[in-house]
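Q: Each chain, written out:
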Amino acid sequence: MSPRLFLQVLSLEARNRLSYRAEFWLNALVGFGVEFAVVYFLWSSMFRESGKQEIGGFDLQGMVTYYLAVILLGKLVRTQRFEGGVSTDIYEGGLNRYLVFPAGYFPFKYAQHLGGLVPAVVQFLLFALVVAFFLDVPPELRPSPTSALMALAAIAVANLLYYLLDYAIQLVAFWADNVWSLDVAKWFVASLLGGFMVPLSVFPAWLVPWLEALPFRFFFDFPARVLLGQIEPAEWARGLVVALAWCGVLALVGRGVWRRGVEQYAGVGI
Amino acid sequence: MTRYLRLYASFLRFSFSRSLEFRLDFFFRVGMDALWYAVHLVFFGVLFQHTGALGGWNLDQVLVFAAALFFVDAIYMTVFSNNMWMLPILINRGDLDYYLVRPVSPLFFLSVRDFAANSFLNLVLAVSILAWALLRYPEPLPLLSVAAFGVLLLLGALLTYTMGMLFTIPIFWLHSKSGLREVGWSLGRLGARPHRIYTGWTRTLLLTLLPYAFVASYPVYVLFNGPSWQALAHTAAVVGGAFTLMVLFWRQGLRAYSSASS
Chain A
1398 MSPRLFLQVL
1408 SLEARNRLSY
1418 RAEFWLNALV
1428 GFGVEFAVVY
1438 FLWSSMFRES
1448 GKQEIGGFDL
1458 QGMVTYYLAV
1468 ILLGKLVRTQ
1478 RFEGGVSTDI
1488 YEGGLNRYLV
1498 FPAGYFPFKY
1508 AQHLGGLVPA
1518 VVQFLLFALV
1528 VAFFLDVPPE
1538 LRPSPTSALM
1548 ALAAIAVANL
1558 LYYLLDYAIQ
1568 LVAFWADNVW
1578 SLDVAKWFVA
1588 SLLGGFMVPL
1598 SVFPAWLVPW
1608 LEALPFRFFF
1618 DFPARVLLGQ
1628 IEPAEWARGL
1638 VVALAWCGVL
1648 ALVGRGVWRR
1658 GVEQYAGVGI
Chain B
215 MTRYLRLYAS
225 FLRFSFSRSL
235 EFRLDFFFRV
245 GMDALWYAVH
255 LVFFGVLFQH
265 TGALGGWNLD
275 QVLVFAAALF
285 FVDAIYMTVF
295 SNNMWMLPIL
305 INRGDLDYYL
315 VRPVSPLFFL
325 SVRDFAANSF
335 LNLVLAVSIL
345 AWALLRYPEP
355 LPLLSVAAFG
365 VLLLLGALLT
375 YTMGMLFTIP
385 IFWLHSKSGL
395 REVGWSLGRL
405 GARPHRIYTG
415 WTRTLLLTLL
425 PYAFVASYPV
435 YVLFNGPSWQ
445 ALAHTAAVVG
455 GAFTLMVLFW
465 RQGLRAYSSA
475 SS
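Chains A and B are the protein sequences, given in the same order.
Residue numbers for the first sequence follow my numbering, beginning at 1398 and rising by one.
Residue numbers for the second sequence follow my numbering, beginning at 215 and rising by one.
What the hints contain is simulated information worked out from the structure, not anything from laboratory work.
The model shown is predicted, which means the values in this text are computed figures rather than measured ones.
Treat the hints with care, since some could be wrong.
[Stated by the list, open to error] Derived lysine to any residue pairs resembling SDA-like cross-links, with alpha carbons at most 20 angstroms apart:
(1) Lys1449/A / Lys391/B
(2) Lys391/B / Arg1539/A
(3) Lys391/B / Ala470/B
[Said to hold, decoys possible] Distance windows between CB atoms, simulated:
(4) Asn439/B / Ser1408/A: 41 to 49 angstroms
(5) Gly308/B / Gly1664/A: 56 to 64 angstroms
(6) Leu314/B / Asn1493/A: 33 to 41 angstroms
(7) Trp1603/A / Asn272/B: 37 to 45 angstroms
(8) Leu468/B / Ala1550/A: 51 to 59 angstroms
(9) Phe230/B / Leu1423/A: 34 to 42 angstroms
Where is the CB? At the ideal position from N, CA and C, for every residue including glycine.
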């Protein structure tokens, strides 16, 4: 797939996502506000009722900052409302046209996925500005230019990893009548084991090494800690290599599933 | 009334036979909900590694709250969710006409026509978890409190549906993909935590205008603090008020509906 075509697909998808602007911004504002409110009240209650000054290495202010980072980064890692794309193509027979396109299916879909990321980037920047101006981020957790650059790379890899996992799951549509449940199940697992629901350091100490051996931590916990300056450059580089290795594994899985699926794809949809 | 019950029995028969056509989806959906239950239980379990209480409740009480949440969600997923999912599509495509000419209430028809038989097993699972959470509770629970708790949970399921409809109905005017459904989902997350973790006007809001506290948290509060006429009347007023508002809103929506290509 030529870079020009890739960028054209990306641009088309970005414009498509912004077609319902009022709805888009309302969803974004309410979603962000509610997620922040739930986290703030939950952890305020936790610190108040436990009488502790520190949980999982964070005080209350630090914990709220961690969640803000995760909520904002999460917008860039899991681009929303596209997850039905691949399976819908299979169910509705729309895959046929892609099979005769002079471009691969995966790069085409990935370009669309990145196009869907454009509104998320706008949201991220605006909400990050609001956070920077109005909320009191502890000095030790304030992102530096270096940590921001390191986080950028971690987010890019997290986005690719999340997409590859999503792609492999969507391809199950070649055999299953509905993969929506698998999509949702993926989110449940990723949010718990990836550090979206609670930081991994809050889990019991004996469980943390097991969680760190799984790919899910690279979705939220790792990029957030990189942004907040809690990960040293050497650990960051090691983390990126491991995350990219997971990308390789998932790409191979996706490729294998695609080949088998296409072989028995009838082209008529369901 | 008998006619509606007969009609609902037909919906059930049809839904069960159709769900058997998609067996893999049946198992995926069961697995998904079971995973959702497990994730929540682990989440609260992890929190209680660091505290002895959350929103004034100990772990045993929070487990009952989580189980109540599963129960309400399972009812919603089984009875209403498929219908709510289809509603924006029917409105935007102008396919509502078919339902408007039927000799039954279109709101009833469109809200409960598709019974998610593949979620029914999850309802059984949710009931089992709720029974387990109540039975393992170390202190005796008065029968009257348990009965009030059961009734309030059913009202919680009705409220979940009502709030979902209130955020979906604007599609009659917005003509977007899903109306304000995502806004409703986001706000619904406020009800997935014990309402007493919230303070000040946020808690007041959750007990009045955005009554998500009544989905599961308030019924659990009544279970452990004993039912009072005041609590029951408060719940009935909020759920009844929200339902009436939804029906009026629905009628306004139907007036704005312009059939095909709307």
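Q: Look at each hint and say if it fits the structure.
A: Now for the hints, and whether the structure bears them out:
1. Lys1449/A / Lys391/B: 46 angstroms, violated
2. Lys391/B / Arg1539/A: 39 angstroms, violated
3. Lys391/B / Ala470/B: It holds: about 17 angstroms lies between the C-alpha atoms, which stays within 20 angstroms.
4. Asn439/B / Ser1408/A: 41 to 49 angstroms: Taking Cβ atoms as reference, Asn439/B and Ser1408/A lie about 58 angstroms apart, which means the hint is violated.
5. Gly308/B / Gly1664/A: 56 to 64 angstroms: 29 angstroms, violated
6. Leu314/B / Asn1493/A: 33 to 41 angstroms: Given about 36 angstroms between the Cβ atoms, the range holds.
7. Trp1603/A / Asn272/B: 37 to 45 angstroms: 24 angstroms, violated
8. Leu468/B / Ala1550/A: 51 to 59 angstroms: The hint (51 to 59 angstroms, Cβ to Cβ) holds, given that Leu468/B and Ala1550/A are roughly 53 angstroms apart.
9. Phe230/B / Leu1423/A: 34 to 42 angstroms: 38 angstroms, holds
In summary, the numbered hints that this structure violates are 1, 2, 4, 5, 7.
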